[in-house]
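As you go down the protein sequences, you meet chains A and B in turn.
Counting from 6, one number per residue, gives the positions in the first sequence under this note's numbering.
Counting from 8, one number per residue, gives the positions in the second sequence under this note's numbering.
The hints are simulated quantities; they were obtained by calculation from the structure and are not laboratory data.
Please note that the accuracy of each hint is not assured.
So the derived list for chain B, only partly shown, Cβ under 7 Å to chain A, looks like this [as the list claims (entries may be wrong)]:
1) 151
2) 155
3) 199
4) 272
5) 275
6) 280
Just so it is clear, CB atoms sit at the ideal spot from N, CA and C, and this is done for glycine as well.
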Amino acid sequence: MGILAGRNTRIICQGFTGEQASFHCEQAIACGTSIVGGVAVGYGGKSHLDRPVFDTVAEAVAETSPDASVIFMPATVAADAIMEAADAGIKLIVCVTENIPVRDIVHTRRALQGSGTRLIGPNTPGLITPGEAKIGLLPASLFKPGRIGIISRSSTLLLEAGMQTTALGLGQSTCVGIGGDRVTGMDYVDCLRLFLADNETDGIILIGEIGGALEENAAAFLAKTPIEKPVVAYIAGLYAPSGRRLGHAGARIAAGHGDAASKIAALREAGVVIAESPDAIGSTMQRVLQDSLRARR
Amino acid sequence: MRIHEYQAKSILRTYGVPTPRGGVAFTPDEAVSVAERLGGSFWVVKAQIHAGDRARGGGVITAHSPDEVRKAAETMIGMRLVTPQTQAEGNTVLRVYVEEGVAISRELYFALLIDPLTSGASLIAAPERGITLEEIATRAPGRILRAAIDPAVGLMPFQVRRICYSLGLDTRQMRKAVDIINAVYKCYDELDALTIEINPLVMTDRGELMVLDARMRFDDNALFRQKGIAALRDRSEDNPAERQAADAGLTYIRLSGNIGCLANGAGLAMSTVDCVRAAGGEPANFLDIGRAPSRERMAEALRLIEADPHVDCVCAILQGGLARTETVAENLTSIIRERLFSLPIVVRLAGENAAAGENILHDYGPAIHVAATIDEAASKAVSIARERA
Numbered sequence: 006m007g008i009l010a011g012r013n014t015r016i017i018c019q020g021f022t023g024e025q026a027s028f029h030c031e032q033a034i035a036c037g038t039s040i041v042g043g044v045a046v047g048y049g050g051k052s053h054l055d056r057p058v059f060d061t062v063a064e065a066v067a068e069t070s071p072d073a074s075v076i077f078m079p080a081t082v083a084a085d086a087i088m089e090a091a092d093a094g095i096k097l098i099v100c101v102t103e104n105i106p107v108r109d110i111v112h113t114r115r116a117l118q119g120s121g122t123r124l125i126g127p128n129t130p131g132l133i134t135p136g137e138a139k140i141g142l143l144p145a146s147l148f149k150p151g152r153i154g155i156i157s158r159s160s161t162l163l164l165e166a167g168m169q170t171t172a173l174g175l176g177q178s179t180c181v182g183i184g185g186d187r188v189t190g191m192d193y194v195d196c197l198r199l200f201l202a203d204n205e206t207d208g209i210i211l212i213g214e215i216g217g218a219l220e221e222n223a224a225a226f227l228a229k230t231p232i233e234k235p236v237v238a239y240i241a242g243l244y245a246p247s248g249r250r251l252g253h254a255g256a257r258i259a260a261g262h263g264d265a266a267s268k269i270a271a272l273r274e275a276g277v278v279i280a281e282s283p284d285a286i287g288s289t290m291q292r293v294l295q296d297s298l299r300a301r302r
Numbered sequence: 008m009r010i011h012e013y014q015a016k017s018i019l020r021t022y023g024v025p026t027p028r029g030g031v032a033f034t035p036d037e038a039v040s041v042a043e044r045l046g047g048s049f050w051v052v053k054a055q056i057h058a059g060d061r062a063r064g065g066g067v068i069t070a071h072s073p074d075e076v077r078k079a080a081e082t083m084i085g086m087r088l089v090t091p092q093t094q095a096e097g098n099t100v101l102r103v104y105v106e107e108g109v110a111i112s113r114e115l116y117f118a119l120l121i122d123p124l125t126s127g128a129s130l131i132a133a134p135e136r137g138i139t140l141e142e143i144a145t146r147a148p149g150r151i152l153r154a155a156i157d158p159a160v161g162l163m164p165f166q167v168r169r170i171c172y173s174l175g176l177d178t179r180q181m182r183k184a185v186d187i188i189n190a191v192y193k194c195y196d197e198l199d200a201l202t203i204e205i206n207p208l209v210m211t212d213r214g215e216l217m218v219l220d221a222r223m224r225f226d227d228n229a230l231f232r233q234k235g236i237a238a239l240r241d242r243s244e245d246n247p248a249e250r251q252a253a254d255a256g257l258t259y260i261r262l263s264g265n266i267g268c269l270a271n272g273a274g275l276a277m278s279t280v281d282c283v284r285a286a287g288g289e290p291a292n293f294l295d296i297g298r299a300p301s302r303e304r305m306a307e308a309l310r311l312i313e314a315d316p317h318v319d320c321v322c323a324i325l326q327g328g329l330a331r332t333e334t335v336a337e338n339l340t341s342i343i344r345e346r347l348f349s350l351p352i353v354v355r356l357a358g359e360n361a362a363a364g365e366n367i368l369h370d371y372g373p374a375i376h377v378a379a380t381i382d383e384a385a386s387k388a389v390s391i392a393r394e395r396a
């Protein structure tokens with residue numbers, strides 16, 4: 006497996022019986038993901054997609070021993086769902102839900118501190134370890150098993166990088182969408198640590214965008230970490246107007262923070278190779294990998 | 008969501024925060040009667056728009072008689088106020104706030120915001136006022152004071168004490184400031200605010216502390232539980248095209264160029280604007296139609312672009328994957344077939360079954376230019392626009 010989830014990861018879905026959840030869980034099951042059950046309040050004891058449904062996460066944990074939960078719940082109750090999963094001892098939570106109030110996620114992050122539970126998202130397409138596990142929305146057919154790790158705030162740019170690395174035959178170890186909101190769970194640094202330690206990942210693609218300081222934090226981390234694997238980055242929003250929110254809640258240049266040029270400069274300074282165009286993410290990774298192989302010989 | 012200064016001050020007063028007395032006026036007559044009711048020897052007339060830095064555009068005038076209040080209100084009401092924080096065309100002033108004048112001995116800057124460095128709320132302070140935090144950060148970065156707030160316990164008095172002493176307040180002033188800032192934090196937390204700027208907090212010549220200007224921004228995603236805040240929304244402040252887009256589930260931001268940009272996904276939409284610029288073109292807009300747009304939403308998006316008279320050509324970067332590729336292509340061709348849209352359009356379509364999707368576009372004929380990559384689509388759109396110009 007790559008990072009976070011693989012063939013043996015047992016997954017439940019919160020909000021299991023909803024339309025979107027059903028569609029994506031069915032897709033996940035079809036590509037071999039181990040979805041072992043689901044939670045939907047009021048549906049306990051029933052069966053859905055040939056899997057058992059429970060009223061509470063605690064029951065689902067007792068009966069199915071899951072490692073991860075994917076949350077498809079409305080924004081008004083998503084923070085509660087995350088806390089329920091963490092309280093039941095689930096160690097990996099992927100929250101797909103969009104439009105969750107910032108305050109809820111700030112509080113949830115604080116509550117998860119020290120629990121050993123990892124949160125991916127919210128507002129994320131989730132993650133995929135091609136050929137093994139798909140947790141969330143990413144379409145398995147566009148990915149293929151390989152040795153490139155991808156981390157992205159944007160789901161559509163993650164797909165672009167996925168399609169490019171698939172077409173070039175590089176494939177992916179794991180792809181993680183960390184989400185487009187102002188405040189999210191796992192960030193680039195958390196994912197970089199895992200990818201750098203993963204012996205099935207040869208190169209890492211980091212896709213960033215304007216707003217916040219996550220890319221700057223990643224650059225600071227990489228600057229003081231001996232990078233034994235090539236890291237390629239693409240940053241969107243070079244010509245974004247200041248002070249305007251560009252689709253993602255987190256994509257906003259404000260208070261002297263978050264313009265693309267300074268993110269690119271910080272990453273370059275840290276030894277990251279910048280892909281100049283969204284079309285060139287895969288080819289830049291391929292070139293950098295070849296260069297590093299040549300240098301090693 | 009933003010609110011006006013007078014609304015922000017009225018909220019702060021309910022939390023016990025001292026502000027100058029004032030009243031809102033929609034006509035010059037009302038402005039004069041507010042001034043007369045307030046009494047005193049001078050007044051400040053302030054244009055109420057959602058952008059800051061109003062003084063620089065003539066949106067803040069000090070008046071020394073009711074007659075001067077009337078003149079100031081007459082000048083302001085109905086004017087298009089342009090400040091460094093508005094768009095080029097400015098915002099129309101529909102109301103003014105008339106406030107008693109205050110003699111100031113010192114100004115301080117405070118803000119509560121979601122801090123990108125900590126992914127939580129922080130209190131920020133500086134020993135002088137600024138138009139924006141950015142400006143303070145550029146002018147005196149070393150003088151910005153910061154306290155990260157632990158959401159489990161909230162802003163603690165010791166954090167405010169430390170900042171106040173660093174700002175040079177004496178103990179008596181510090182105690183007053185702690186009360187004020189703690190009240191502002193309570194408001195921030197209870198009302199799901201994203202940013203509250205107190206700019207400035209002033210010390211009067213009589214040693215009193217009060218909030219002279221306040222700007223608040225609230226979390227749109229929390230308005231379902233903040234009905235009182237939601238009711239303060241002033242839709243006259245929105246750009247009409249951007250409002251129409253938001254109602255249709257689109258994120259549209261007007262820019263100044265002639266290449267209409269469109270993509271299904273926020274990251275992809277940012278990249279589209281970047282690639283058009285890199286190809287030597289000027290984007291007319293940013294437009295994210297959502298990852299899996301319905302036909303209606305796509306039609307509304309194209310209508311918005313076409314309604315901009317500056318647009319010569321459209322660059323559409325579409326992706327199947329989170330949407331079905333063939334459906335995206337079918338929706339687009341059916342919109343063009345029904346003549347709901349008639350500008351030249353370059354389309355890049357990628358995703359599962361991209362070839363089938365491209366065939367649907369090719370079959371439609373020469374009205375749709377198909378490109379294989381984002382860069383190619385941007386270059387084609389730029390050259391088509393040049394031919395038309």
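**Asked** Does residue 280 of chain B pass the interface check with chain A, least Cβ-Cβ distance below 7 Å?
**Response** holds, 5 Å
**Asked** How about residue 151 of chain B: closest beta carbon in chain A under 7 Å, or not?
**Response** The hint is violated - residue 151 of chain B has no Cβ within 7 Å of chain A, the shortest such distance being about 10 Å.
**Item:** Per-residue hint verdict: residue 155 of chain B, partner chain A, C-beta under 7 Å
**Value:** violated, 11 Å
**Message:** Holds or violated: the hint that residue 199 of chain B contacts chain A, with Cβ atoms closer than 7 Å.
**Reply:** Since chain A brings a Cβ to about 5 Å from residue 199 of chain B, closer than 7 Å, the hint holds.
**Asked** Per the CB criterion, is residue 275 of chain B less than 7 Å away from chain A?
**Response** holds, 4 Å
**Request:** Mind checking the CB of residue 272 of chain B against every CB in chain A and telling me if the closest is under 7 Å?
**Result:** Where the cut-off is 7 Å and the nearest Cβ of chain A is about 3 Å from residue 272 of chain B, the hint holds.
When the structure is compared with the earlier hints, violations turn up for hints 1 and 2 and for no others.
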